[in-house]
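These protein sequence lines are chains X and G, in that order.
Note that this note's numbering gives residue 136 to position 136 of the first sequence, counting from 1, and the numbers run on in steps of one.
Note that this note's numbering gives residue 214 to position 214 of the second sequence, counting from 1, and the numbers run on in steps of one.
The hints are simulated quantities; they were obtained by calculation from the structure and are not laboratory data.
Where hints are given, some of them may not hold.
Within a straight-line C-alpha distance of at most 20 Å, the following computed EDC-like cross-link-like pairs (lysine to aspartate or glutamate) qualify [as the list claims (entries may be wrong)]: (1) G:K253 - X:D8; (2) X:K141 - G:E252; (3) X:K129 - G:D219; (4) X:K201 - X:E211; (5) X:K10 - G:E252; (6) X:K185 - X:E163; (7) X:K201 - X:D170; (8) X:K118 - X:E153; (9) X:K197 - X:E211; (10) X:K201 - X:E163; (11) X:K141 - X:D191; (12) X:K87 - X:E121; (13) X:K157 - X:D191; (14) G:K253 - G:E77; (15) X:K141 - G:E95; (16) X:K87 - X:D77; (17) X:K215 - X:E173; (18) X:K10 - G:E77.
Under 10 Å between C-beta atoms, here's a sample of chain G residues computed to sit facing chain X [unchecked claim]: (19) G33; (20) A88; (21) P90; (22) S92; (23) L113; (24) A159; (25) V163; (26) T172; (27) D180; (28) E181; (29) A191; (30) V223; (31) I249.
The model shown is predicted, which means the values in this text are computed figures rather than measured ones.
Built from N, CA and C at the ideal position, the CB exists for glycine as well.
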Amino acid sequence: MIHSLLTDWKIRILIAAFAIQVFTSGTLYSWVHPEPFVAQKIATDVPSAVRAAGYLSGFRLLVGHLFWIRVIQYYGDIDNSLDRYAKLYDYCSLATDLNPHFIPIYTYGAAALSFHLKRPEQAVKLLQKGILANPSETRLKLIYAAIAYQNTEQYDKMIPFLEAQIQRGDAPEMLVNILANTYTKVGRYQDAVELWKRIIKYSDNQSEQIEAAQKLQSLYQTIRASELKPGSKALR
Amino acid sequence: MKRVLTVAVFTFRELIRSNILIVWVCSVIGICGLSYLLSILSYGDALKIFTDLGLAGAELAGWMVLLLSLAVSYNTEMDQKAIFLQLAKPVSRGEYLLGRVFGFFTMNLLVILGTVAVLVFMVLVVNGSMPSYFWSSVFFMVLEMLVLTFLGLTYQMIATSMVRVVLYTFFTIILGRLIDEIQWLLEKQHAPILKFILTLVYYCLPNLDLFNLKDRIYDPTLVLGWTQWQEVLIYTFAYSAVVFIIGWISLEKREFR
């Protein structure tokens, strides 16, 4: 019976085709996964059903984008400010596990963590992960340098990196605010005024426009006060 | 070949008549609408988000239409005995099965390419551009659908009810996406018998991770040259051949009463 089975041409083709698919499946595995799966690469301290769903379904980018919206909602929810957005780093890390080449997660997450929440070590960790996954991405390096200078209070050195980031046109709006505040800190009031005006003119976020108007008002007061002082450098 | 094409055209017409395309139209409206909404709700590169969600939606639409087509055609072919009419004609069972595969595949091709066309149109309207591996990932999706169509129709020849056909296909798709995890388990220390079973499962299931280029289109380390194309195409046709021959043998052994 086995002999008659093996002489059947259909069975022969079946065996040959199966052998070919086994061989190609084996060789293609190293193409799909150039690096073997290593559990440490994923932030395992953030257990999540979302990540599991993304990995298991084969729709990582889809789940990643959906999760990113949840991260934004988390950061936008004022109730979470009570614990200073304690889970923000974990959530950003999880979002980058699912979508490692989506740069806004790194830039927005790092800017929020470092400049707003004053947790630069977490911002740096997130950026390092981003730079490793996207070695040619300039935006990450610029913000990394800016955070390094902010951390050491070298604001003069931080400004060029923020300016370069903003001139690219794809920086988070938050960075424009940060640059404006940094200009004020180092006494470049006129540059700060220009930036706040820009936010009022171009931002589509009403609360940011209101904040910018308030900042502008207090900045004008500062300028006026400093103008009254002899030898003032307010409008340099 | 002419007989195969006749069956293919007949199958395609039958699927069109069964209003499967309405599902596609609904899914295009749903996918594009949802993608647009999510891309403006999210923060970041809205076009990138729209493209990614659109590609995922095109694949989901393909799966959905395939499963529905299998369910609908099982009902007419096997339950209502329409297969008798076709097998009574001078068409061999192998030709009949191949013709049906081509008919189903054309339908799937229409769904995927139609969804992608809508996606590309919407991106181009806002002066956007497609990622460099976009068309490759669409082609890989089409190859995936070819494998799944062969598989689904083979299940149709083996299974004895519509529900089974749909369930077998659905779970094969899910398990095909778990190939990575099976490989990961294989790398662990296990009893030889368990390892043997896992290896068998690994090679019997379709490796759908190979075709999942849509999740890797932004990967800077991705290399997709002629060698990879060759291997993926060989894998697709080899796996499809295995599944087709199993379906053909099952159909020849099947008794219709």
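Does K10 of chain X pair with E77 of chain G here, judged by a C-alpha cut-off of 20 Å?
violated, 25 Å
Given hint D180 of chain G near chain X, where the shortest CB pair must fall under 10 Å:
holds, 7 Å
Next pair to validate is K141 of chain X with E95 of chain G; report whether the Cα-Cα distance is within 20 Å.
violated, 60 Å
Does D77 of chain X sit within 20 Å of K87 of chain X, going by the straight-line distance between their CA atoms?
holds, 13 Å
Take the C-alpha atoms of K197 of chain X and E211 of chain X, compute the straight-line distance between them, and say whether it is at most 20 Å.
Roughly 11 Å between the alpha carbons, so the hint for K197 of chain X and E211 of chain X holds.
Straight-line alpha-carbon gap K157 of chain X to D191 of chain X, limit 20 Å
Since the Cα atoms of K157 of chain X and D191 of chain X sit roughly 16 Å apart, the hinted pair holds (cutoff 20 Å).
CA of K253 of chain G to CA of D8 of chain X, is that 20 Å or under?
Distance of about 14 Å is within 20 Å: holds.
Classify the hint on A159 of chain G as holds or violated, based on whether any CB of chain X lies nearer than 10 Å to its CB.
A159 of chain G check fails; min Cβ-Cβ to chain X is 20 Å, beyond 10 Å.
Was the hint right that A191 of chain G lines chain X, CB cutoff 10 Å?
Violated, about 22 Å.
20 Å Cα cutoff - pair K201 of chain X, E211 of chain X
With a Cα-Cα distance of about 13 Å, the restraint between K201 of chain X and E211 of chain X holds, given a limit of 20 Å.
Holds or violated: E181 of chain G as interface residue toward chain X, Cβ cutoff 10 Å?
holds, 7 Å
For a C-alpha distance cap of 20 Å, please report whether K201 of chain X and E163 of chain X respect it.
Measuring from Cα to Cα gives roughly 19 Å; hence the hint holds.
Hint compliance for this structure: hints 2, 11, 15, 18, 19, 20, 21, 22, 23, 24, 25, 26, 29 are broken, all remaining hints hold.
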